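Guided by the hints, dock chain B onto chain A, whose structure is given.
Chains as they are written, first to last, in our numbering: chain A, 1 to 253; chain B, 1 to 304.
Read the hints as simulated data drawn from the structure, not as lab findings. None of these values were measured; they are calculated from a predicted model. A few of these clues could be false.
[As the list claims (entries may be wrong)] Negatives, chain B to chain A, calculated, CB over 10 angstroms:
1. Glu106
2. Ala174
3. Arg204
4. Gly290
5. Ala295
6. Arg299
[Said to hold, decoys possible] Under 7 angstroms between C-beta atoms, here's a sample of chain A residues computed to sit facing chain B:
7. Leu47
8. Cys206
9. Cys211
[To be verified] A partial selection of chain B residues facing chain A, derived with a Cβ cut-off under 8 angstroms:
10. Ser2
11. Thr24
12. Ala53
13. Ile60
14. Val61
15. Gln74
We put the CB at the ideal spot given by N, CA and C, even for glycine.
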Amino acid sequence: MFELTAEVASFRQRGPHYWVMGFRAPEVAASVRAGQFVNLLLRPGPLLRRPFSVYTASAGEVEIIFRAVGEGTSLLAQMKIGDRLSVLGPLGRAFEVDPEWKSVALVSGGLGVAPMLLAARDARAAGLRVVWVHGARTAAELSLESGGDQVVYATDDGSRGVQGSAVAAVPEGVGAVLACGPNRMLAAVAARWPDAQVAVETYMGCGTGVCLGCAVPLRAGGYDRACQEGPVYRAAAVDWDALPSHLQYAVSA
Amino acid sequence: MSVDLAVDAGGLRLRGPVIAASGTFGYGTEVPLLERRALGALVSKGIFLRPRAGNPPPRIVETPSGMLNAIGLQGPGVEALVRDYCPQWAAWDFPVLVNINGESAEEYGELTGRLDGVPGVAGFEINVSCPNVEQGGMYFGNDPRAAAEVTAAVRRRTRLPVWVKLTPMVSDIAVIARACEEAGADALSAINTFVGMSIDLHTRKPRLAFRTGGLSGPAIRPLAVHLAHQAARSVRIPVIGVGGITTPDDALEFLVAGCAAVQVGTATFADPRALARVHDGIAGHLAAQGLGSLAELPRYLQHD
Chain A
1 MFELTAEVAS FRQRGPHYWV MGFRAPEVAA SVRAGQFVNL LLRPGPLLRR PFSVYTASAG
61 EVEIIFRAVG EGTSLLAQMK IGDRLSVLGP LGRAFEVDPE WKSVALVSGG LGVAPMLLAA
121 RDARAAGLRV VWVHGARTAA ELSLESGGDQ VVYATDDGSR GVQGSAVAAV PEGVGAVLAC
181 GPNRMLAAVA ARWPDAQVAV ETYMGCGTGV CLGCAVPLRA GGYDRACQEG PVYRAAAVDW
241 DALPSHLQYA VSA
Chain B
1 MSVDLAVDAG GLRLRGPVIA ASGTFGYGTE VPLLERRALG ALVSKGIFLR PRAGNPPPRI
61 VETPSGMLNA IGLQGPGVEA LVRDYCPQWA AWDFPVLVNI NGESAEEYGE LTGRLDGVPG
121 VAGFEINVSC PNVEQGGMYF GNDPRAAAEV TAAVRRRTRL PVWVKLTPMV SDIAVIARAC
181 EEAGADALSA INTFVGMSID LHTRKPRLAF RTGGLSGPAI RPLAVHLAHQ AARSVRIPVI
241 GVGGITTPDD ALEFLVAGCA AVQVGTATFA DPRALARVHD GIAGHLAAQG LGSLAELPRY
301 LQHD
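Just chain A, with the same shape it has in the complex (with noise of 0.2 angstroms):
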């Protein structure tokens, strides 16, 4: 883990929604897997960090993708080059993938894309075939990620794509299930597929493990923590009852 000071090296809309912003951090960029994250403290700004999926790393840079729907990421948007972020990271357990899998599915809901892009590129490495599953409510909230791979879209209002649910659209046969997205998707992803890697949303304090802030309620009984534990988690080992169904301004929302 590092903390350190980053410029703003790029920023770009992607869509009507998403911002992408990156910044230089080549001892994050080296080391982060797919699934982490990195949590980020902007002065002046909000008392606590805010945790963010790493969307890309190459190069010395790391790229995140937000929208700006809350204090935090409503500075994120305002930001220009050169400007200046403390970045902490990366945090928290990956995405695992198996070369046995023969085929993934990569399932996401909105902005549960983040951590895809990554996790494509060490599926591919692992000899994967890649399936890629985008859901949004619209078109327009849809995310466009393929990189060549094989892509199934699904809409809420059906303006895009299958209309219904990402996870209603994953076809038949994949080896293997990692999702990211809101809550109840992700429940839904548990429903069917009890070994997908799933990514959850909660509210975060410090992402170091010490707040106790970020729990994670387990079908085991009791709590554990998203930052440290998690994000990913095996879909059946997390409580879906107790874990609150979508947060605003959460780690992949």
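For chain B alone, kept in the frame of chain A given last:
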């Protein structure tokens, strides 16, 4: 430039006045990038006799210049503490106090008895001020008789330093402070969090699953300075100032207000190096004032 920051704080000689506050530093093994040299002492996450799961999520919400938490004293229980953490503490070059909790005075006493004499345990901070548990906690801290009863129950079981962490949710903190002093406390930590609530207008429900939580962070600092000052001038034992300290100047306010030392808490969440920054900044301030030691810092402490 070398400034002597050592302080006497409730039965302990500390190499510096900056202490890690309970619940914001785990058991001392979790905070990354830790600069141990800056720690005067560490107060562990609150512990009960038995393991506790804690409260359901959401447990935290950020508020203007602060945060509400309702963790609910999640913890592994005293046996796991003794097995997993005390041996590590015994090897460290600063003291660790255990923040102790119970649902009755007897339970506080029993917990103290289990920990007294365990290598690594340098003292106790009695938590009679947690707002996030159904039983015990703050109930003991806003009744002078109950606070004294718990303090006495702990005092009977140990000769190690006993600190009492006070709640701000009282009409007169001096009354509670004196009750704890008379019952045998060696120092007081002032203060724990204020009880607060935040409502989500979309769901029209509290944002925290526990409904209420403890407010910490810079938002409470002026309130905390006032209450720590009131406590400090009403007792002879040292008072440790706690509440919203983020910068060296914040800490110096508490010290000038009459506190012997300070605890840094919420600031660590945003900056794992916060304690070291506060520690180094205090030394810098004293040096700039031409003072060779913290003991020479003039205090504003009119006694009642």
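How the hints compare with the structure:
1. For Glu106/B, the condition that its CB be more than 10 angstroms from all CB atoms of chain A holds, with the nearest at approximately 26 angstroms.
2. No Cβ of chain A approaches the Cβ of Ala174/B within 10 angstroms, the least distance being about 31 angstroms, so the stated non-interface status holds.
3. With a closest Cβ-Cβ approach of about 15 angstroms to chain A, Arg204/B is found to remain outside the 10 angstroms limit, as its non-interface label requires.
4. With 10 angstroms as the threshold on Cβ separation, the claim that Gly290/B sits away from chain A holds: the shortest Cβ distance comes to roughly 31 angstroms.
5. Chain A leaves Ala295/B outside its interface by the beta-carbon criterion, the shortest separation being 32 angstroms against a cut-off of 10 angstroms.
6. In this structure Arg299/B is separated from chain A by more than 10 angstroms, as the shortest Cβ-Cβ distance comes to about 29 angstroms.
7. The restraint placing Leu47/A at the interface with chain B holds, with a minimum CB-CB distance near 5 angstroms, inside the 7 angstroms limit.
8. The beta carbon of Cys206/A is positioned within 7 angstroms of a beta carbon in chain B (closest approach about 4 angstroms), and the interface hint is therefore held.
9. Here the hint on Cys211/A is kept, as its CB sits about 6 angstroms from the closest CB of chain B, short of 7 angstroms.
10. About 28 angstroms separates the beta-carbon of Ser2/B from the nearest beta-carbon of chain A, more than 8 angstroms, and the hint is not met.
11. Because the smallest distance between the Cβ of Thr24/B and any Cβ of chain A comes to about 6 angstroms, under 8 angstroms, the interface hint for this residue holds.
12. At about 5 angstroms, the closest approach between the beta carbon of Ala53/B and any beta carbon in chain A falls short of 8 angstroms, and the interface hint on this residue holds.
13. At about 4 angstroms, the closest approach between the beta carbon of Ile60/B and any beta carbon in chain A falls short of 8 angstroms, and the interface hint on this residue holds.
14. Interface hint status for Val61/B: upheld, as the beta-carbon distance to the closest one in chain A is roughly 7 angstroms, under 8 angstroms.
15. At about 5 angstroms, the closest approach between the beta carbon of Gln74/B and any beta carbon in chain A falls short of 8 angstroms, and the interface hint on this residue holds.
Of the numbered hints given earlier, the model fails hint 10 alone.
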